[in-house]
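K.L.:
Construct the entire structure; sequences and hints are all you get.
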Amino acid sequence: MALAMEAAGIVKSFPGVLANDHVDFDVRVGEVHALLGENGAGKSTLMNVLAGLYRADEGGVRVDGRDVEFRSPRDAIAAGIGMVHQHFTLVPSQTVAENVLLGLDRPRFRLDLTRTEAEVAALAGRVGLRVDPSARVWQLSVGEQQRVEILKLLFHGARVLILDEPTAVLAPQEIAELFTTLRSLAGEGRSVVFISHKLGEVLAIADRITVMRAGRVTAAGIDPHGVSRADLARLMVGRPVLESLQRTQTEPGRVVLAIEGVSADNDRGLPAVREASLDVRAGEIVGMAAVAGNGQAELAQVITGMRTCSGRVLVDGRDVAARPSRVAIDAGVGHVPEDRAGVGSAPNLSLVDNLILRRFRRPPVARGPFFDEQAARSKAQELRKAYAISTPTLDAPVRILSGGNLQRLILAREIDAEPTLLVAVQPTRGLDVGAIEGVHQLLLDLRSRGTAILLISEELEELLALADRILVMYEGRVIASFEAPRASDVGAIGLHMTGGDDGTGDAPETDAGTA
Amino acid sequence: MNVRLELRGDPPRWLSPVLTIAAVVVALVIGAVVLAFVGGDPVRAYLHIVDAAFGDIGVLSDTLVKATPLILTGLACALAFRMRLWNIGAEGQFLLGAWGASAVVLIPILPAGTPAIVVIPTMMLAGALAGALWGIVPGVLRARLGVNEIITTLMLNYVALAWIQFWVFGPWSEGGFQQTVAFPREAWLPRLTDFAAQFPVLAGLTTHLGLVFALIAAAIMSIVFSRTRWGYEMRLIGDNARAARYAGIDIARYIIVVFAISGALAGLAGMSEVSGVVHRLQDRISPGYGFTAIIIAYLARFGPWRVVLASVLFGALILAGREIQPSGVPAMIQGVILFCLIVAEVLTRYRVRIGRRAVAPA
Amino acid sequence: MIDLTLILAAGVASGTILLFAAVGEIFAERAGVLNLGVEGMMLIGAVAGFSVAASVGDPWIGVAVAMLAGGLLSLVHAVITIHFRADQVISGLALTFLGSGLARVLGDGLSNAGPIATLPRATVPILSELPLIGPVLFRDQSILTYVGFVLVPVAWYWIERTRPGLHLRAVGERPAAADAQGIDVVAVRYAYVLVGGLLAGLAGATITLAISPGWFGDQTVAGRGWIAIGLVIFAQWSPIRAALGAYLFGAIFRFILDLQGVQSVFGVTNPFQAGRSATFFLEMLPYLFVVVVVIIGSREALRRRVGAPAALGIPFVRGERGA
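Protein chains in written order, with my numbering: chain E, 1 to 515; chain B, 516 to 877; chain S, 878 to 1200.
Hints were generated in silico from the structure; no laboratory data involved. Just to be clear, a hint being listed does not mean it is correct.
[As the list claims (entries may be wrong)] One side of the interface only, derived from the structure: several residues of chain B facing chain S at Cβ under 8 Å: (1) A551; (2) V553; (3) G554; (4) V558; (5) L660; (6) N663; (7) I666; (8) Y673; (9) F684; (10) V793; (11) Q797; (12) I809; (13) G843; (14) M847; (15) Q849.
[To be verified] Some residues of chain S that are not near chain B, with every Cβ distance over 10 Å (derived): (16) S928; (17) V933; (18) A941; (19) T973; (20) R998; (21) A999; (22) L1004; (23) S1154; (24) F1157; (25) M1161; (26) A1187.
Note that the structure is a prediction, hence the values are computed from the model and not measured. Note that the Cβ used here is the ideal one computed from N, Cα and C, for glycine as well.
P.N.:
This is the structure we're talking about:
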């Protein structure tokens, strides 16, 4: 079979880490090839080399049988290789058409936006990717933005499309739509490389699978038929993976968090949360399933005092709605934010300074207006040991910590503050399997100690493993509730996440409006 | 040749001071080159500066006099800059403080004949309040409306100057000249030379009590930064404002308070200049202290005691530099020093890698 | 007496200075680089243009040298902030110090005696006969004023309707996206910072070679560089709004000057006449207006949730590994 692209002997390293260790990889014409591996395995690095963003230290790439050398993404695009990254490279304030135009060579000088919009609409219709070419990107949903990214590549004449974790931001139904699109693109003679860490999806869509682990290829271009999830998991992680969580039986206690009719706008001034209501009891984990952009991030910010709102947010009976964050903190709300480096930590300050972020107002760290350096250090030392945060010294700036370690730091700090309610938003994003297990166990331990936990996550599997109840949020409303959720509920949950309703799942008891 | 910058993980502690000193040296060398270029004699000029500023106890005393307002305004800037609040208005706040202190004597707020023990503290209070007011306005605008404080503080500098000029040329003018009447003796900050009767060695030394205020302010600020809760909160705000909000800190209130204190310090500097040195209000009372303070604060990496040290050095530069021709050279050197400091700061954070072209684009 | 037409015409002339500086800064800021050194660049341009024109006798060479001087100075800022990724605020301030000091050094001893080379003035034949706007815009204005008229629509068109403008906007809003499309972010930023410097230098030359010929030390620019930066905020980064703001300011400046020169107003002795102490309140006005104007711009940005180019002031780093 003809090879659209092949890479041989790729070596790429960064300070302290060998990301790609003599990797071979090839893509056939007209196939969907999945690249599987856990976070940190080197998949994105390899693809960045193929897409021209990184220069390999050793090794070569061939496209359509010819040796090529990419000095920049431009060269790769010119050779027909395009990549849709996890973090979209769109300019939010510009329109879809302007974004599509951005990397093109024509028109050279004068822009005719009307004509471009028509061309974009035509192409979009042909491949089944619906989008409004005159819309500004910030107005689009995440799924629609992804379609724009794919359209950009097609406009450039990409023959090989590389998609980096494309399903992370999609609901199950949207995933199905995406797969249909990918199939039709493959049918046209293009090739698709699909990077993922999700076993189920990879088995569903791929013609061939390559597995990477710790910078090396552990299985090259294997046939998905006749391969089990367990086999793949072992190839990914190198040991039998069985998430064995200690989960105790608990009886939920008093209502710790009660949200009543809360509405809030997002940063753009558009309504993000509409009359949402829910409650969380002590000793239970309530999971919130939602596709990115449906108001769940804003809801978390409302609860933790980082965003204003209307309605009532009662924490142990105290209304913290539309009050400064200090009020929520004093009421016992802990927050593991989605943005670890941007919100949850001060990157240039030391570990000590970051670890006592919740304790600096109380003794022993605070003595009157004074700040007891010794007490702070010993608390930091204690937490570092207890949560196994790997770092050379206590005084190192926090920005040098790996993602997993940073999350451990944040969890250590929040849990140590003994919150009545913990709001955790995407707590395991970007972490490797070991770290994920650790986080899950910490949350379950917290649950058995009587803390109320609101877990907002895009990973349905995570919610199913941890949550006592799963709520679904769609377009700012809480539209469904699933008690004692089972794996078989995935379909129904997914349907609600995209706004459909198949009659299963209960409408939540509190008034929530219709979908 | 491909020059890249690579983030350092954890820079060694000696790196920053060494690079800072190196920056100053490089700047002085550049200044020397420019001086030579326009026909001056750099070696003689620099030696002259050292001699004219530190040569004997008399000129050392004069250097300290020049350093006093620099310390206070430098502290004002350092305080604000720590939180990435760009108070470029120290110059205007200085002028307002000078005006406020003068108002006590010239309106007059206190009747003539009031003893010094009442007049001086009142002038201090008036100067600090006037400066604080001048700082609070841009502070509130920034905290509540997100208005760029660089523009507002800077514009208020010009307004402050016009304000002073009005009073100096108008209601308070002494016989139509560009200055006010001299202050009565009770309004003069005590100077070392006032005690020459008891200690003859102090004769002619113009260092005044303002220096003590400045040092006390530096001490207080140092303690606040390193040992108090406020210091921690300011560190947090300065590094990541979103994380500070996440930690429950009321950023808007900090902005306003910091601008007020910053303005108060600069205002106090104005008071000390007017009461300790000139003993009257003039419109030329500041040779750009508020702007030099910016450089001092940056040079000192916003540390209070380093501000004191840098202020003495710059005081020397101002004192002796008046005699350097052409007159723009000291100002130019200040700009060069700031640029060199900026580069030094970058080199502290990043390592420079010079590689061949085949290295990955970064 | 005070003649409204003359004031407006002089306002347009004086506003041209602010216009050049503001449009230059708009280009730089839309590429994502904040350059606070406008005052310094204008001073350098002013003194360089003036002294070269005086010694050579040709004002046009003065203009060219002025633009070159401003451009060179801006390149220092560009290297420090783009390549060295230093803080753009401090670098801009340093540039102001450097530029002002350098200008003072170069201008030392420059006298205003002798023939001052100035740029020609002109009246546009038919357009100057138009009612109302004719005498204001097209009668006896300096050549540079007409250049200003042309610059504004050209700048607007460049930014909004051309490919290079598309790239410019992308670099200032989301440089990572531009970079991923193969656009050289560094080159784009350098280019537009340079443009800002050239225009700032031109603004300086406009003062000393066209509108207020002569060199008056620091007073030559008198804070107009800062006013231009404030205007950019008021203009919400649009060249057309910047032009309107600039001409408005020019008119205010002119009005103040005229008011200071008048003995009496409607028979009442003028307290604001130069030489009387109350004149200083007039001097405050332009700067207070800038504060007002910046407040307006900020409130509007808050309200419309648009505002500064999103990447303004943030150094561009391509996917740094390490944390």
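K.L.:
With reference to the structure, classify each hint as holding or not holding.
P.N.:
Status of each hint after checking the structure:
1. With 8 Å as the threshold, the beta carbon of A551 of chain B stays out of range of chain S, its nearest partner Cβ sitting at about 13 Å, so the hint is violated.
2. The criterion of a C-beta within 8 Å of any C-beta in chain S is met by V553 of chain B, whose closest approach is roughly 6 Å, and the hint holds.
3. Because the beta carbon of G554 of chain B sits about 11 Å from the nearest beta carbon in chain S, more than 8 Å, this interface hint is broken.
4. Because the beta carbon of V558 of chain B sits about 19 Å from the nearest beta carbon in chain S, more than 8 Å, this interface hint is broken.
5. At its closest, the beta carbon of L660 of chain B sits 5 Å from a beta carbon of chain S; the interface hint therefore holds under the 8 Å criterion.
6. Below 8 Å, beta-carbon pairs count as interface contacts, and N663 of chain B has one with chain S at about 6 Å; its hint therefore holds.
7. About 5 Å separates the beta-carbon of I666 of chain B from the nearest beta-carbon of chain S, less than 8 Å, and the hint is met.
8. Because the beta carbon of Y673 of chain B sits about 4 Å from the nearest beta carbon in chain S, less than 8 Å, this interface hint is met.
9. For F684 of chain B, the shortest C-beta to C-beta distance to chain S is roughly 4 Å, which falls under 8 Å, so the interface hint holds.
10. Because the beta carbon of V793 of chain B sits about 20 Å from the nearest beta carbon in chain S, more than 8 Å, this interface hint is broken.
11. The restraint placing Q797 of chain B at the interface with chain S is violated, with a minimum CB-CB distance near 14 Å, outside the 8 Å limit.
12. Interface hint at I809 of chain B: satisfied, since its Cβ lies 6 Å from the closest Cβ of chain S, which is below the 8 Å cut-off.
13. Of the supplied interface hints, the one on G843 of chain B holds, with its beta-carbon coming within about 3 Å of a beta-carbon of chain S, less than 8 Å.
14. Given the 8 Å rule on beta carbons, the hint for M847 of chain B holds: about 3 Å separates it from the nearest Cβ of chain S.
15. Hint status for Q849 of chain B relative to chain S: holds, with the closest Cβ pair at about 5 Å, below 8 Å.
16. With a least beta-carbon separation of about 13 Å from chain B, S928 of chain S lies farther than 10 Å from that chain, consistent with its non-interface assignment.
17. Consistency note on V933 of chain S: stated as away from chain B, and its beta-carbon is indeed over 10 Å from all of that chain's, at 20 Å minimum.
18. Chain B leaves A941 of chain S outside its interface by the beta-carbon criterion, the shortest separation being 23 Å against a cut-off of 10 Å.
19. The claim that T973 of chain S is not at the interface with chain B is violated, since a C-beta of that chain comes within 10 Å of its own (minimum 8 Å).
20. The Cβ of R998 of chain S sits about 30 Å from the closest Cβ of chain B, beyond the 10 Å cut-off, so the non-interface label holds.
21. Taking the minimum C-beta to C-beta distance to chain B, about 34 Å, the non-interface status of A999 of chain S holds against the 10 Å cut.
22. The beta carbon of L1004 of chain S is kept farther than 10 Å from every beta carbon of chain B, the shortest such distance being approximately 36 Å.
23. The Cβ of S1154 of chain S does not lie farther than 10 Å from every Cβ of chain B; its closest approach is about 3 Å, which violates its non-interface assignment.
24. Not every CB of chain B lies more than 10 Å from the CB of F1157 of chain S, the least distance being 4 Å, so the non-interface label is violated.
25. Against the 10 Å criterion, M1161 of chain S falls within the reach of chain B, whose nearest CB is about 4 Å from its own CB.
26. Under the 10 Å C-beta cut-off, the non-interface status given to A1187 of chain S relative to chain B holds; the minimum distance is some 15 Å.
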